[in-house]
Amino acid sequence: MPNSEPLFRMEGISKRYGGVRALEEADLEVWPGRVHAILGENGAGKSTLIKVMSGVVAPDAGRMLLDGREVSFADPAAANAAGVVCIFQELSLIPDLTVADNIVASSPPKRFGMIDRAAQRRLAEDALRRAGAEDIHPSALVKDLPLSRRQMVEIAKALARKPRILILDEATSALTSNDVIKVFEVLKRLRSEGIALLYISHRMHEIAELADDCTVFRNGRKIATYEAGTKTDSEVVEMMIGREYHHVFPPKSGAKQPSDTPVLEVRNLSWSPRLNDVSLTAHAGEVVGLGGLDGQGQRELLLALFGVLRGTSGQILIDGKPISIKSPRAAKSPGIGMALIPEDRKTEGLMLPMSVRDNLTFAAMSQLSRGGIIDRAAERSAIDEMIRLLAIKTDGTAVPAGSLSGGNQQKLVIAKWLLRRPRIILLNDPTRGIDVGTKQELYQLLRRLADDGAAIILYSTDYDELIGCCDKVLVMYDGAVRRKLTGPEITERALIASALNIDAEVREAAQ
Amino acid sequence: MKEWRFWLSEQRGTLLAVALFVVMFSIYVGNHPAIINKGFTVDTVSNVVQTAANKGSMLAFVAMGQAFVVITAGIDLSVGMIFLLANCLASYLVAGPTALALVGVVGTLAAGALCGAVNGLIVIFGRLQPIVVTIATGGIYYGIALWMRPNPGSSPGFNSDLADAMTGKLFDIVPTSLVILLATVVIIWIPFRRSEVGRAMYATGSSQIAAYMSGMPIRRAKFLAYMFSGIFAAMGGLLLTFTTYSGEALAADGGNYTLFSIAAVVLGGVSLFGGRGSAVGALFGALAFRAIGDLLFVFAIDALWQPLFQGVVLFVAVSIGAARLFRVRNRLDLFG
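Residue numbers (the numbering used here), protein chains in the order written: chain A, 5 to 515; chain B, 208 to 543.
Keep in mind that a hint or two might mislead.
[To be verified] Beyond 12 Å from chain A on every Cβ pair, some chain B residues (computed): (1) S233; (2) V236; (3) G237; (4) G246; (5) V249; (6) I278; (7) R334; (8) I347; (9) K376; (10) A390; (11) E455; (12) A507; (13) L511; (14) D540.
[To be verified] A partial selection of chain A residues facing chain B, derived with a Cβ cut-off under 7 Å: (15) P80; (16) A81; (17) S96; (18) L97; (19) S110; (20) R314.
[As the list claims (entries may be wrong)] Computed footprint of chain A on chain B; a stretch qualifies when at least three of its residues, placed anywhere within it, have a C-beta under 8 Å from a C-beta of chain A: (21) 254-265; (22) 391-402.
Calculated directly from the structure, the hints in this document are not laboratory data. By construction, the Cβ of each residue, glycine as well, lies at the ideal position given by its N, Cα and C atoms.
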């Protein structure tokens with residue numbers, strides 16, 4: 005290591021939330037010009053560690069040293085001033101302000117006491133260029149941008165603050181693969197400029213590509229720090245989950261009788277300009293994957309099936325009978341029996357301030373009531389069953405849903421729909437930002453549901469997941485299904501090739 | 208997208224309010240009996256505009272103040288009561304020689320600032336809902352106004368010269384109240400909007416968490432928003448005193464001004480969810496609202512129809528603003 009003294013050091017940092025130990029005697033050293041990856045399941049203490057570092061929460065015990073001098077941050081602004089800048093997983097952008105306004109939000113350039121808009125524009129353009137996001141217009145409103153563009157603005161905003169330590173908390177989880185490549189170039193440049201980077205991600209290959217040092221956390225404690233490349237993936241995963249790591253994916257069983265009438269059939273579904281002539285079938289017991297780059301119409305397809313979109317054309321058949329689904333309420337009705345696990349659990353999936361119990365039964369009220377009155381006993385037993393079935397870690401059913409960890413929140417969203425015993429389950433990237441252990445449980449759950457006769461449509465941005473979980477995968481590009489892969493055809497190479505729509509070239513090369 | 212399209216989409220609400228005002232006011236002026244009888248001359252038009260301006264600018268000030276608070280995603284239900292309190296206070300303080308009366312004007316505005324500051328401090332440090340806080344403080348402010356002026360009246364030395372000057376015309380053509388309104392926009396609103404704390408006001412209304420995470424001065428922004436709301440309401444109250452030469456704690460007036468200020472803010476394109484709109488929009492929203500109310504007068508229809516008519520026009524205007532919802536193709540956008 006180039007310096008003998010770390011740029012930043014944490015010693016014996018502890019933090020409790022009520023009765024829960026979020027962080028226990030944690031140590032960390034951050035060196036300039038190196039990328040330090042933090043690994044661990046959700047709830048392992050990573051988020052708390054970052055929040056302490058960036059001044060969002062104050063630690064109960066321990067000290068932090070910057071350049072060898074003890075520091076404490078009263079709020080995020082104080083941490084920023086000291087050069088510690090964090091790109092949060094929950095976006096810190098203000099939707100009604102423009103991109104440029106957001107980039108300079110913490111310290112806008114001023115002239116005569118007013119914000120100097122010309123200087124602001126220059127700063128914003130410069131920061132966007134440094135982040136490799138020249139395609140974003142500085143005058144656009146943030147709320148009009150898609151998620152992946154917003155994340156790029158978030159990165160540009162962090163760069164504009166001239167960080168000495170840059171923390172990226174799942175910063176790539178919303179990005180398209182093109183953007184990830186750009187962001188990695190940016191991060192490598194920053195590293196060569198001597199900035200210390202702290203990188204949190206659940207994507208192992210990203211860490212393998214980027215990290216110099218790694219630290220693993222589990223249950224609020226630091227387990228180990230090691231130089232990148234000195235441990236195998238399965239060793240790392242074992243450290244993270246603290247038990248032996250076997251098959252991630254359960255064996256596939258496939259549709260029971262593929263010749264049967266499919267539970268769900270879609271014919272020539274279009275929603276101009278985002279969906280073009282999409283057709284698919286899903287049989288009972290089948291897990292159908294949707295692949296492709298992010299934003300190729302997969303989300304719209306799921307929303308269209310669930311009755312959220314207006315003005316679609318084409319046909320949807322349930323059990324071979326054409327049907328028109330006009331709203332989520334219609335989609336979940338017993339005749340159709342559809343459930344959608346949405347992309348954003350925090351806004352579309354849960355009412356965070358309301359209790360776990362209330363969240364669980366929202367979608368299933370009609371099953372649990374008699375004559376419009378909720379049957380308390382039936383409700384309680386249904387809830388207990390779900391919490392047991394999905395192994396949701398919660399401190400009783402009366403606590404707010406927002407107090408659960410990300411993985412458990414996602415389980416809650418799924419449990420809420422399972423209460424209705426749906427026949428068709430649509431999932432929109434359900435494992436985004438979720439730890440390895442919970443992911444594994446979800447894969448097993450999906451397979452079990454399929455075996456019990458559900459038809460499952462799974463959109464995932466993680467190729468491993470599509471390969472491991474799905475009986476067939478439809479790869480989408482520009483709103484249309486470009487390729488259908490079944491069984492052994494589902495390989496990473498085929499998925500990536502068809503996602504990038506370079507099928508023809510690949511086939512030629514293979515011949 | 209071109210640069211001007213971004214600008215246009217940002218100013219859409221304000222421009223619609225201006226358009227609504229121009230249409231309503233043109234109908235009003237075009238059918239005004241004074242103009243029809245005496246002809247379309249500089250003098251008659253200027254007189255009609257003066258009357259309308261004096262009446263409209265009272266609501267315009269209160270609405271502009273309300274806009275500050277609404278942009279932070281709050282609401283100030285005490286503006287009407289601060290307006291009354293200022294009216295009663297000014298009926299005592301705007302007295303004596305002009306220099307002294309001007310001190311009284313400043314004192315009245317300071318009282319408004321104090322009322323607003325109290326609202327702001329309770330909302331920020333008491334962490335209570337703005338709607339509840341301002342209902343309560345509004346009651347207190349009204350109580351003080353009632354204690355000051357249980358019956359309508361004014362100080363014996365009331366400086367009516369100053370009052371006349373403020374409600375008169377500059378160079379015999381431009382209504383003074385309009386000039387004050389314009390000056391307020393140029394001297395207070397525009398610099399504030401372009402300041403760091405002004406931007407923090409929008410950011411707070413749009414997403415308070417994100418604003419906090421970005422290290423923006425949230426508290427200062429909220430405090431100033433409530434304080435400006437108080438000052439602007441007091442400004443409206445002062446104009447009322449200048450028009451009537453007296454103070455009166457009339458509860459119905461206070462309630463009306465509070466509700467009309469919210470209507471004006473909505474007409475002016477300020478989002479009640481916060482983060483969008485401008486005080487200029489609220490200003491035109493208020494003037495348009497007044498013009499709508501006065502239309503019945505020029506058509507010589509019974510004044511009893513005014514609330515009904517005003518309500519219908521307000522409903523139609525708000526509906527036009529919501530017309531975009533019919534074009535929404537993703538139902539999730541209906542809730543956004």
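Hints and how they fare:
For B/S233, the requirement that its beta carbon stay farther than 12 Å from each beta carbon of chain A is met, with the minimum near 32 Å. A cut-off of 12 Å between C-beta atoms confirms that B/V236 is not in contact with chain A; the least separation is 36 Å. The Cβ of B/G237 lies farther than 12 Å from every Cβ of chain A, with a closest approach of about 38 Å, so its non-interface assignment holds. Its beta-carbon lying about 46 Å from the closest one in chain A, B/G246 satisfies the requirement of being farther than 12 Å from that chain.
For B/V249, the requirement that its beta carbon stay farther than 12 Å from each beta carbon of chain A is met, with the minimum near 37 Å. The non-interface label for B/I278 is inconsistent with chain A: the shortest C-beta to C-beta separation is roughly 9 Å, within 12 Å. Annotated as non-interface, B/R334 keeps its C-beta farther than 12 Å from every C-beta of chain A; the closest such distance is 15 Å. Distance check for B/I347 against chain A: the nearest CB is about 31 Å away, which clears 12 Å, and the non-interface claim stands.
With a least CB separation of 33 Å from chain A, B/K376 remains clear of the 12 Å interface cut-off, as annotated. For B/A390, the non-interface assignment is confirmed: its Cβ lies about 18 Å from the closest Cβ of chain A, beyond the 12 Å cut-off. Every beta carbon of chain A lies more than 12 Å from that of B/E455, the smallest distance being close to 40 Å; the non-interface claim holds. Every CB of chain A is more than 12 Å from the CB of B/A507 (nearest about 45 Å), matching its label as outside the interface.
Every CB of chain A lies more than 12 Å from the CB of B/L511, the least distance being 41 Å, so the non-interface label holds. Distance check for B/D540 against chain A: the nearest CB is about 10 Å away, which does not clear 12 Å, and the non-interface claim fails. The interface hint given for A/P80 holds, since its Cβ lies 5 Å from the closest Cβ of chain B, which is under the 7 Å cut-off. Annotation: interface hint on A/A81 holds; nearest CB of chain B at approximately 3 Å, less than 7 Å.
Taken as an interface hint, A/S96 checks out: its beta carbon lies about 4 Å from the nearest beta carbon of chain B, inside 7 Å. At its closest, the beta carbon of A/L97 sits 6 Å from a beta carbon of chain B; the interface hint therefore holds under the 7 Å criterion. The interface hint given for A/S110 is met, as the beta carbon of that residue sits about 4 Å from the closest beta carbon of chain B, less than 7 Å. The closest approach between the C-beta of A/R314 and any C-beta of chain B is roughly 5 Å, which is under the 7 Å cut-off, so the hint is satisfied.
Residues of the stretch 254-265 of chain B lying with their CB closer than 8 Å to a CB of chain A number 0, which falls below the three-residue condition for coverage. Against chain A, the stretch 391-402 of chain B contributes 3 residues with a C-beta closer than 8 Å to a partner C-beta. That satisfies the three-residue criterion, and the hint holds.
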